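Protein chains: 2
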Amino acid sequence: MTNSPTASVLIIGNEILSGRTQDINLAHIAKRLGTIGVRLAEARVISDNEAEIVAAVNALRARYTYVFTTGGIGPTHDDITTDCIAKAFGVAVSEHPEARARLIAHYTKTPVTPARLRMARIPEGAALIDNTVSAAPGFRLENVYVMAGVPNIMQAMLEAIIPTLAHGMAYISKSVSGFVPESLIAEGLAAIAARYPQLDIGSYPWEREGRWGTALVARGTDRPAIDAASDEILALVVQHDPAPAVEIKA
Amino acid sequence: MTNSPTASVLIIGNEILSGRTQDINLAHIAKRLGTIGVRLAEARVISDNEAEIVAAVNALRARYTYVFTTGGIGPTHDDITTDCIAKAFGVAVSEHPEARARLIAHYTKTPVTPARLRMARIPEGAALIDNTVSAAPGFRLENVYVMAGVPNIMQAMLEAIIPTLAHGMAYISKSVSGFVPESLIAEGLAAIAARYPQLDIGSYPWEREGRWGTALVARGTDRPAIDAASDEILALVVQHDPAPAVEIKA
Chain A
-12 MTNSPTASVL
-2 IIGNEILSGR
8 TQDINLAHIA
18 KRLGTIGVRL
28 AEARVISDNE
38 AEIVAAVNAL
48 RARYTYVFTT
58 GGIGPTHDDI
68 TTDCIAKAFG
78 VAVSEHPEAR
88 ARLIAHYTKT
98 PVTPARLRMA
108 RIPEGAALID
118 NTVSAAPGFR
128 LENVYVMAGV
138 PNIMQAMLEA
148 IIPTLAHGMA
158 YISKSVSGFV
168 PESLIAEGLA
178 AIAARYPQLD
188 IGSYPWEREG
198 RWGTALVARG
208 TDRPAIDAAS
218 DEILALVVQH
228 DPAPAVEIKA
Chain B
-12 MTNSPTASVL
-2 IIGNEILSGR
8 TQDINLAHIA
18 KRLGTIGVRL
28 AEARVISDNE
38 AEIVAAVNAL
48 RARYTYVFTT
58 GGIGPTHDDI
68 TTDCIAKAFG
78 VAVSEHPEAR
88 ARLIAHYTKT
98 PVTPARLRMA
108 RIPEGAALID
118 NTVSAAPGFR
128 LENVYVMAGV
138 PNIMQAMLEA
148 IIPTLAHGMA
158 YISKSVSGFV
168 PESLIAEGLA
178 AIAARYPQLD
188 IGSYPWEREG
198 RWGTALVARG
208 TDRPAIDAAS
218 DEILALVVQH
228 DPAPAVEIKA
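Line by line, the protein sequences are chains A and B.
When we follow my numbering, the leftmost residue of the first sequence carries the number -12, and every step to the right adds one.
When we follow my numbering, the leftmost residue of the second sequence carries the number -12, and every step to the right adds one.
Next up, chain A with everything else stripped away, as it sits in the complex:
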């Protein structure tokens, strides 16, 4: 639809694929990238397995402007992301003096164990990504940004990354939500979608107290088109629900 920079997210972790942990990082990254006009085009969830990680990183970095990984950079045996990223790029991993210094400065009350120093191991040529929560940095190699999986740490790292990314036109979405089954407005909605090819117009059914309704969302970077399309959608919905909810999200 646009020439926005593109992104993909690679979620690394058995705990997501076992259902133990509900991922909330993807939605956060998606929304945050949208505000700076970077379009999230794909996400993958894979296990803590070297061959899988290497293959996925190499597939995604060739395809999208940016790749953001989450998970697997902590101090334990199952944290293998750093070594896998290095392998994907064909570089070695070594202790990064600045990362080591940050860890030593952070752990003032408890010892800097060998396990903790593992978090100073960084692929050669990588730039550190600040971690204002717990010191252990993420890193960037070319267009691949390697972040922690713990949500508040991931969010802090993403904020450190955001100013360094290419910005596109910010994505905006306008939603019209009313008590109308989507099948009753499908035809009119298709006609509106055809008139605004620069927008992504979606229809999302929901159920509240046994009654079905639909949220109709116009999303894109062209604000006048979003307003015009939303006005047409509103005119469609009020034929069924006189008081739909209209919401704009940056």
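One or more hints might be untrue.
Below are the DMTMM-like pairs computed for lysine to aspartate or glutamate, each with C-alpha atoms no more than 20 Å apart in a straight line [said to hold, decoys possible]:
{"no.": "1", "chain 1": "A", "residue 1": "Lys236", "chain 2": "A", "residue 2": "Asp214"}
{"no.": "2", "chain 1": "A", "residue 1": "Lys18", "chain 2": "A", "residue 2": "Glu234"}
{"no.": "3", "chain 1": "B", "residue 1": "Lys96", "chain 2": "A", "residue 2": "Asp228"}
{"no.": "4", "chain 1": "A", "residue 1": "Lys74", "chain 2": "A", "residue 2": "Glu37"}
{"no.": "5", "chain 1": "B", "residue 1": "Lys96", "chain 2": "A", "residue 2": "Glu194"}
{"no.": "6", "chain 1": "A", "residue 1": "Lys96", "chain 2": "B", "residue 2": "Glu196"}
{"no.": "7", "chain 1": "B", "residue 1": "Lys236", "chain 2": "B", "residue 2": "Asp214"}
{"no.": "8", "chain 1": "A", "residue 1": "Lys96", "chain 2": "B", "residue 2": "Asp228"}
{"no.": "9", "chain 1": "A", "residue 1": "Lys236", "chain 2": "A", "residue 2": "Glu219"}
{"no.": "10", "chain 1": "A", "residue 1": "Lys18", "chain 2": "A", "residue 2": "Asp209"}
{"no.": "11", "chain 1": "A", "residue 1": "Lys96", "chain 2": "B", "residue 2": "Glu194"}
{"no.": "12", "chain 1": "B", "residue 1": "Lys96", "chain 2": "A", "residue 2": "Glu196"}
Derived DEER-like restraints, expressed as beta-carbon distance ranges [as the list claims (entries may be wrong)]:
{"no.": "13", "chain 1": "A", "residue 1": "Thr119", "chain 2": "B", "residue 2": "Thr97", "range": "51 to 57 Å"}
{"no.": "14", "chain 1": "A", "residue 1": "His154", "chain 2": "B", "residue 2": "Glu111", "range": "44 to 50 Å"}
{"no.": "15", "chain 1": "A", "residue 1": "Gly77", "chain 2": "B", "residue 2": "Arg50", "range": "44 to 50 Å"}
{"no.": "16", "chain 1": "B", "residue 1": "Asn45", "chain 2": "A", "residue 2": "Asp218", "range": "37 to 43 Å"}
{"no.": "17", "chain 1": "B", "residue 1": "His154", "chain 2": "A", "residue 2": "Pro98", "range": "44 to 50 Å"}
Worth flagging that the hints you see were computed from the coordinates, not collected in a lab.
Note that the coordinates shown come from a computational prediction; the quantities given were computed from them, not determined experimentally.
Glycine is no exception: its CB is placed at the ideal position from the N, C-alpha and C atoms.
For this one, chain A is given, so just place chain B on it according to the hints.
For chain B alone, coordinates are given in the frame of chain A:
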């Protein structure tokens, strides 16, 4: 680790990649498959784009025992999953008499619009998947199961599918969770993980009221090994937290 049947999930929907909708289907499918011993090995999230859907379906169905898709089988213009699946298999789409009959039987109070009948369009050779919530069926083509994206409908479809799948040994996990930073037990944990190669032993840090703790999870299909490994993990954790929480999940 085991010879369990494998599965992948393909989440189809712009609303997930924009961050508008928080996906909860993946975790549900993961947990439910675990109970019947099917190992979820990979998930992908892609947009409502024909080329992307066709490519992903063909990549995943060649690789895993089962593929489960969610989203894009409703009545609106952005529901393109059915046609994309047909294209991936090189078959045509036509109105399925049984699917049509179910829709007509369901819509007794409102008209069966052309949009609604769109949901009776099924790839040739596919078997229907029951939808006890809103009638419009999902379908299966070979090892690909095409389900709705609305969570309660997806869950109903999955329950209809479960008895037809090959069952492996059920996955069980035992979690020991205590106030100990993971770096302080990393070494001991790595030794335990090395002693139980048949298990997936993970370490997941968390923060509560400013204090860090770790959940240590042993997961697999070998219950005696899970119990033995968890006992060793417990012995490790009580050196730091005298009262860790222990939880078993089927």
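Comparing the hints with the structure gives:
1. A/Lys236 x A/Asp214: 12 Å, holds
2. A/Lys18 x A/Glu234: Holds, at roughly 16 Å.
3. B/Lys96 x A/Asp228: 17 Å, holds
4. A/Lys74 x A/Glu37: Answer holds: A/Lys74 to A/Glu37 is near 9 Å, not above 20 Å.
5. B/Lys96 x A/Glu194: Between B/Lys96 and A/Glu194 the Cα gap is close to 17 Å, so the pair holds against 20 Å.
6. A/Lys96 x B/Glu196: 18 Å, holds
7. B/Lys236 x B/Asp214: 12 Å, holds
8. A/Lys96 x B/Asp228: 17 Å, holds
9. A/Lys236 x A/Glu219: 18 Å, holds
10. A/Lys18 x A/Asp209: With Cα atoms ~17 Å apart, A/Lys18 and A/Asp209 stay inside 20 Å; holds.
11. A/Lys96 x B/Glu194: The hint holds at about 17 Å.
12. B/Lys96 x A/Glu196: 18 Å, holds
13. A/Thr119 x B/Thr97: 51 to 57 Å: Given a distance of about 54 Å, which is inside 51 to 57 Å, the answer is holds.
14. A/His154 x B/Glu111: 44 to 50 Å: Taking Cβ atoms as reference, A/His154 and B/Glu111 lie about 47 Å apart, which means the hint holds.
15. A/Gly77 x B/Arg50: 44 to 50 Å: 25 Å, violated
16. B/Asn45 x A/Asp218: 37 to 43 Å: 40 Å, holds
17. B/His154 x A/Pro98: 44 to 50 Å: 48 Å, holds
Going down the numbered hints, you'll see the structure goes against just number 15.
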